[in-house]
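Go by the hints and put chain B onto chain A.
Number of protein chains: 2
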Amino acid sequence: MTDAPEKTAVAIVEVGPRDGFQGIGPFIPTPTKIDMLRRLAAAGLKRIEIGSFVSASAVPQLRDTPELLAACAGIPGLIPQVLVPSERRGKDAVQAGAPWLAFVLSVTEAHNRNNVRRHPLESVEEYQRLLALIPADRSVRLNIATAFDCPFTGRVPEAETIALLDRLIQMRADVEVCLCDTTGRADPDHVESLFATCIARFADAVAWGFHAHDTYGLGLANAHAAYRQKVRVFDASFGGLGGCPFAPGATGNVATEDVVWMFERMGVATGIDLDALIPVARDGASLPGGLPGGRVRDALTAQPERELQDPI
Amino acid sequence: MTDAPEKTAVAIVEVGPRDGFQGIGPFIPTPTKIDMLRRLAAAGLKRIEIGSFVSASAVPQLRDTPELLAACAGIPGLIPQVLVPSERRGKDAVQAGAPWLAFVLSVTEAHNRNNVRRHPLESVEEYQRLLALIPADRSVRLNIATAFDCPFTGRVPEAETIALLDRLIQMRADVEVCLCDTTGRADPDHVESLFATCIARFADAVAWGFHAHDTYGLGLANAHAAYRQKVRVFDASFGGLGGCPFAPGATGNVATEDVVWMFERMGVATGIDLDALIPVARDGASLPGGLPGGRVRDALTAQPERELQDPI
Numbered sequence: 038m039t040d041a042p043e044k045t046a047v048a049i050v051e052v053g054p055r056d057g058f059q060g061i062g063p064f065i066p067t068p069t070k071i072d073m074l075r076r077l078a079a080a081g082l083k084r085i086e087i088g089s090f091v092s093a094s095a096v097p098q099l100r101d102t103p104e105l106l107a108a109c110a111g112i113p114g115l116i117p118q119v120l121v122p123s124e125r126r127g128k129d130a131v132q133a134g135a136p137w138l139a140f141v142l143s144v145t146e147a148h149n150r151n152n153v154r155r156h157p158l159e160s161v162e163e164y165q166r167l168l169a170l171i172p173a174d175r176s177v178r179l180n181i182a183t184a185f186d187c188p189f190t191g192r193v194p195e196a197e198t199i200a201l202l203d204r205l206i207q208m209r210a211d212v213e214v215c216l217c218d219t220t221g222r223a224d225p226d227h228v229e230s231l232f233a234t235c236i237a238r239f240a241d242a243v244a245w246g247f248h249a250h251d252t253y254g255l256g257l258a259n260a261h262a263a264y265r266q267k268v269r270v271f272d273a274s275f276g277g278l279g280g281c282p283f284a285p286g287a288t289g290n291v292a293t294e295d296v297v298w299m300f301e302r303m304g305v306a307t308g309i310d311l312d313a314l315i316p317v318a319r320d321g322a323s324l325p326g327g328l329p330g331g332r333v334r335d336a337l338t339a340q341p342e343r344e345l346q347d348p349i
Numbered sequence: 038m039t040d041a042p043e044k045t046a047v048a049i050v051e052v053g054p055r056d057g058f059q060g061i062g063p064f065i066p067t068p069t070k071i072d073m074l075r076r077l078a079a080a081g082l083k084r085i086e087i088g089s090f091v092s093a094s095a096v097p098q099l100r101d102t103p104e105l106l107a108a109c110a111g112i113p114g115l116i117p118q119v120l121v122p123s124e125r126r127g128k129d130a131v132q133a134g135a136p137w138l139a140f141v142l143s144v145t146e147a148h149n150r151n152n153v154r155r156h157p158l159e160s161v162e163e164y165q166r167l168l169a170l171i172p173a174d175r176s177v178r179l180n181i182a183t184a185f186d187c188p189f190t191g192r193v194p195e196a197e198t199i200a201l202l203d204r205l206i207q208m209r210a211d212v213e214v215c216l217c218d219t220t221g222r223a224d225p226d227h228v229e230s231l232f233a234t235c236i237a238r239f240a241d242a243v244a245w246g247f248h249a250h251d252t253y254g255l256g257l258a259n260a261h262a263a264y265r266q267k268v269r270v271f272d273a274s275f276g277g278l279g280g281c282p283f284a285p286g287a288t289g290n291v292a293t294e295d296v297v298w299m300f301e302r303m304g305v306a307t308g309i310d311l312d313a314l315i316p317v318a319r320d321g322a323s324l325p326g327g328l329p330g331g332r333v334r335d336a337l338t339a340q341p342e343r344e345l346q347d348p349i
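Which chain is which? The protein sequence lines are A and B, in order.
Counting along the first sequence from 1, when you hit position 266 you're at 303 in this note's numbering, and nothing is skipped either side.
Counting along the second sequence from 1, when you hit position 70 you're at 107 in this note's numbering, and nothing is skipped either side.
With the rest of the complex left out, here is chain A:
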């Protein structure tokens, strides 16, 4: 027998409309985005990171995030999440009515400076000021980028990630903390080890999420490793959309349909209707300028056409 944990359900946060779309050059028309949000929600993806409150010049693809946020009110069951990198952008998101705010910062100075032009400790201060502005009816997530590995400095020691979390979690404990494998270079043992350390250290004060990248093919292996440590919230991107800006041509986010397939095969409920997800994942993967990933779309689309001698 295995020592697998109980097969409690998992929640999948669809991040394609933010993490997948942001790297796509040609602007995706806002009505197309809204249609995809509607179809994703109808497939059971209730929580969707629909965009970012960031500089429109830095990430022009996401400049219609406020319009999308407003449109979400008309999509049954959809709970939109927006990414914010600073106090000012977070305040804008609060005022726009975002129910979920995902504050992003990196463990490593090199990545945080590249990403949000600040030292990580400056981002910690931004976060502290932002917390004071967030009404009690909003939910807060912390996206911890480079929690495992940094494109500039390589493997990140556990102690550095823990030290950052020490500062952040003491400010507010009822947050969801998402450890992000920014480069896709985490391995399953690394993922298990870091989550085990974090969950023991911070007890039940916070909820934990995992943001997997599939750049090196380890997206599902790492998600499973996190699940073993009782992580129950998983980011994923429909169609596997989302390249790796540090390795052009390589794929990025783990595909939502692959994550759903894995968990459902394991008998772990996701609440997602895979039959409804596949067509929108296929449309997402076909967006001009997009860099899709994932296996399950093709595997389920392919039809047996012949029988041939195939030893194993």
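If you are wondering where the hints come from, they were derived from the structure by calculation, not from laboratory data.
Treat the hints loosely; a few may be bogus.
Claimed, not checked - Residues from chain B that keep clear of chain A, each with C-beta distances beyond 10 Å, as calculated: (1) Asp72; (2) Gly81; (3) Ala108; (4) Arg125; (5) Val131; (6) Leu168; (7) Tyr253; (8) Gly254; (9) Gly256; (10) Ala292.
As the list claims (entries may be wrong) - Label-pair distances were calculated between CB atoms; the ranges are: (11) A:Gly304 <-> B:Arg154: 30 to 40 Å; (12) A:Leu158 <-> B:Gly304: 29 to 39 Å; (13) B:Ile199 <-> A:Gly191: 43 to 53 Å; (14) A:Met208 <-> B:Ile199: 21 to 31 Å; (15) B:Pro194 <-> A:Phe189: 44 to 54 Å; (16) A:Phe189 <-> B:Arg125: 57 to 67 Å.
Remember, predicted model here, so these are calculated numbers, not experimental data.
Note that the Cβ used here is the ideal one computed from N, Cα and C, for glycine as well.
For chain B alone, coordinates are given in the frame of chain A:
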């Protein structure tokens, strides 16, 4: 802390020249195959399944297996393995001097009949007769196809796989038993559970291997699950070569370079030089008519070309 097992080394059996090549229509010239075998061996892949002793009309791509076997004598360090589906073919392989014989049969009747035109119990009898013909200086592997899932009948109950192993292992215990995820539809919990059951039931009588397919993206997750159960022999195919004949367009075998990447990142020695493997994997993936898979080739080939704002 995790409950990960000790990080003992693993052995990777390169099966691309058999499982990867067999589905390729255009005949790969024998000198090209020999060159690839030489380069794979030089990268550290010492044990390679170089072909099958099967009907040349059924699998014309592998008709030069005897020539390849003879050529292996000139490749330093290479230990060739050949697949055999019957007593007669096994006898041919013995006479041709193959040091490793991999006998294949399926747990499910539907797959075994499709694959080798026999009931599984007829294959068991073939195996028994073959064992009597194998000299003591040859090594024996059992490839147990559809050990987890069958393309015709779906999930295979553990009891059926165990029942077949009961018959086989009592005939000869010093064999390597490789459980094959023929369809790629095993999940990590399934892999862990079946190996745990097998290894407990058959104690230390046999060595265990795992043959992963990546059709649904679970190749590495399943390999890691097998590793957790102390499996230390893994089949893989360079370039991820090897489609799934039951799902045309879908990829098949897990890529050797991805398996090497995962284990080396985990600190588990594979004995493979990834820098030497990548170029031959790239050539394999480019073979006309081939269906490549895997992520690591592209991830390592891609070069940073720009820095852009990329929150997580």
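Verification of the hints:
no., hint, verdict
1, Asp72, "25 Å, holds"
2, Gly81, "19 Å, holds"
3, Ala108, "22 Å, holds"
4, Arg125, "15 Å, holds"
5, Val131, "18 Å, holds"
6, Leu168, "19 Å, holds"
7, Tyr253, "5 Å, violated"
8, Gly254, "4 Å, violated"
9, Gly256, "7 Å, violated"
10, Ala292, "7 Å, violated"
11, A:Gly304 <-> B:Arg154: 30 to 40 Å, "35 Å, holds"
12, A:Leu158 <-> B:Gly304: 29 to 39 Å, "31 Å, holds"
13, B:Ile199 <-> A:Gly191: 43 to 53 Å, "44 Å, holds"
14, A:Met208 <-> B:Ile199: 21 to 31 Å, "54 Å, violated"
15, B:Pro194 <-> A:Phe189: 44 to 54 Å, "50 Å, holds"
16, A:Phe189 <-> B:Arg125: 57 to 67 Å, "60 Å, holds"
The earlier numbered hints that this structure contradicts are 7, 8, 9, 10, 14.
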